[in-house]
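Chains as they are written, first to last, in our numbering: chain A, 1 to 403; chain B, 1 to 403.
Just so you know, not all the hints are guaranteed correct.
Remember, identical chains collapse to one label, so a pair may be satisfied in a single copy or spanning two.
Simulated crosslink set (DSS-like; lysine-lysine; CA at most 27 Å straight-line) [stated by the list, open to error]:
(1) LYS231 - LYS79
(2) LYS66 - LYS199
(3) LYS353 - LYS61
(4) LYS321 - LYS79
(5) LYS175 - LYS91
(6) LYS175 - LYS79
What the hints contain is simulated information worked out from the structure, not anything from laboratory work.
Protein chains: 2
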Amino acid sequence: MKNALYLQSGGPTAVINSSLYGVIKAYVNNTDKIGHLYGSLYGIEGVLKDNLVEIEPDLSKYDELKYMSGAILGSARLKLGLPEDDDRYVKIHEIAKKYDIGYILVNGGNDSMDTANKLNKFFAELKEDIVVMGIPKTIDNDLILTDHTPGFGSAVKFVTKSIMEIGLDINSYRKGRATIVEIMGRDAGWLAGATALGKLYNLGPDLIYLPEIPFDRKKFLDDVERVFKEKGHVLICASEALKDTNGEYVSVEDKLDSFGHKQLGSVSKYLEILINSILNINTRTIELSLLQRAGAHLASKIDRQEAIDVGEKALEYALQKRVGMVSIIRDSNNPYHSHYDLVPLASVANAVKTMPLEYVNKSGNGMTQEFIEYVYPFIDGDDIGIHSSDIFLSQDKYAKVNK
Amino acid sequence: MKNALYLQSGGPTAVINSSLYGVIKAYVNNTDKIGHLYGSLYGIEGVLKDNLVEIEPDLSKYDELKYMSGAILGSARLKLGLPEDDDRYVKIHEIAKKYDIGYILVNGGNDSMDTANKLNKFFAELKEDIVVMGIPKTIDNDLILTDHTPGFGSAVKFVTKSIMEIGLDINSYRKGRATIVEIMGRDAGWLAGATALGKLYNLGPDLIYLPEIPFDRKKFLDDVERVFKEKGHVLICASEALKDTNGEYVSVEDKLDSFGHKQLGSVSKYLEILINSILNINTRTIELSLLQRAGAHLASKIDRQEAIDVGEKALEYALQKRVGMVSIIRDSNNPYHSHYDLVPLASVANAVKTMPLEYVNKSGNGMTQEFIEYVYPFIDGDDIGIHSSDIFLSQDKYAKVNK
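Turn these sequences into a full structure, and let the hints guide you.
Written out as structure tokens, the structure is:
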């Protein structure tokens, strides 16, 4: 019997450990076909340094994985070159032989799928009986050939809840500020867009800016000024990766005098200075930072289950000697239902799924109903728990008068 | 029958609306003694502008208040001067007469207690039959004569959970960065200190810095360097209000060139630049900002119940013509039990409760067991849900070697 090797790659999500749980589940169900299940510590590093741990065929020992953020085995960025240029193939091959590995499962984003693809070719040329499977994972939701990626749904729920609670705080004052919340998403605005879900509860951001829509400074300032005049405060969600009409990232280079140290400012810092200096509106910046990918306590139930499923499916497909990335196909929204399939690693590896423009409103500062329907299932319906936020303030007779 | 008036003041907490719920509860139980219950919109502004809402004697309509962050009636900072210098007394008196108010309940921090105290004296001199009660509220936990303040416990739970999830993310990489998390607390380090709870799960901050301990730049850099060398990453929690040995706030003035706009940097930004430039360690800053006072989805069960109770007690005391601030007295930790009492408004108004030095460790960069026991009840025991975070990485044979 061959053994299996699992490794985590890239940035953690709230549910990457749920995928590991799913792999263990498949292992436990197939101990007649798989000898041992190994985990590589710190991603590919564990393979290169022969630093593996053995995972026991006892699911009850690993229940916590479903509720734990971070990458429990440790992670590392992983992008292999071509076999002729990259010494690491030799070491990977050596370890695969030493541990009699027949199945390698790489849990990551598109770099990981690229690596899985290259390893499959490498082993095939050597006529080694080893298959390499991809398990998708990214809060950015930017992999093609899958309806969405495990990790995205939980990040959606976290940012939506956070935006709504920030909204309730902001609504507590008549005269407020501009508040900018910066949301992760290096190449695509899926997660920033998802904050629009708060609008279902009258607590969404007033304005949303995505990397898919070239940033127009004048239009941005007009938007902000208009909302601020109307409401006395404005809540803005901006993707960390806004680009201007030349395709350059929008950011500001801070020159910090105390130590003569320079560093690249964030998008939100740029927008803050813009609003502050041009519109003279007091502005606050909130960067959700690691929290949005680490918020396992707010993990989406659908996302967690799918993360488990793709891990389980990956090992099952591998046992059938099939290779590819496990992909999620959505069947229906209400009730939500999905199933799984295999898609070619090579296709996923070299593409980024950006937001279709029909998901963005005509003003380029908010989302369409179609997009809301796409992300709504991930917040687990009423579970979000904030409903009629305006039970008192809707009676405010000065709300309109005191503009 | 006299009527009652309730108003919210200062920064929101996750449970200030729970205190309103408690007030409504007492109202519903005493409709034979109280005519109407009014809420003032946007704190004192609603009184000054005759902008009140009537709250119905039907508790079932307001259940959501227990789960909703923000100040649902709207808030405003409130600090009255002396009656002879401050026109607002006249208007407050006029509104109190117009609505036949016998009981005023002010839900806020020490400025609100000062105001409640002044109003009591003012009404007493006029021989008006009006009592003004204080309902405590602040995430800063800096009011005296109460074991702790409603709002603090929920903020403790939020920051602890956040720090632990950030910790799990950081642990995912062998070679990491310095991560600085800035925690609210304008005059006292209670909340920043509470992040030490994460250590119970092996996920706390490595270093904690509080305003009560004068900031020593050299010692700070030594601490950071030592931990970083040992672990490959370092997690630092810093109070927003760190002060140097001269009692000056520690911060950096950013000079931002793009718009020639200047603004005061945060403590975390200061520490980031310090670590970056002196130790040459890649550094990330996370400001929890409004989230730490708005995280009602992680509200502490004990805190929520106590917030309800102090609201309820306040109206009950008022009906007995007793005045003061409702205070919480802790009876025991395990099981947790507390009861309530009245304390003089004047005493609370003019004092700040900073952290006793016996709660801080000898190195001034962490907390003692005694403090952990003080804050532990607020995280609702095992509810926090992260346990053996090192199930795999504890087997890492390179952990010590690769220093």
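Going through the hints against the structure:
1. For the identical chains of this complex, LYS231 and LYS79 are inter-copy neighbours only, at 25 Å across copies versus 48 Å inside a copy, given an alpha-carbon limit of 27 Å.
2. Taking identical chains as interchangeable, the C-alpha atoms of LYS66 and LYS199 lie at most 27 Å apart only when they sit on different chains, with a minimum of 21 Å there against 30 Å within one chain.
3. With identical chains, the CA atoms of LYS353 and LYS61 are never at most 27 Å apart, being 37 Å at best within one copy and 45 Å at best between copies.
4. Proximity of LYS321 to LYS79 under the C-alpha cut-off of 27 Å is restricted to the intra-copy arrangement: shortest distance 23 Å within a copy versus 73 Å between copies.
5. In the homo-oligomer, the alpha carbons of LYS175 and LYS91 lie at most 27 Å apart only across protomers (21 Å), although the nearest pairing inside one protomer, at 62 Å, exceeds that limit.
6. With identical chains, the CA atoms of LYS175 and LYS79 are at most 27 Å apart between copies only, with a shortest distance of 17 Å across copies and 50 Å within one.
The structure shown violates just one earlier hint, number 3.
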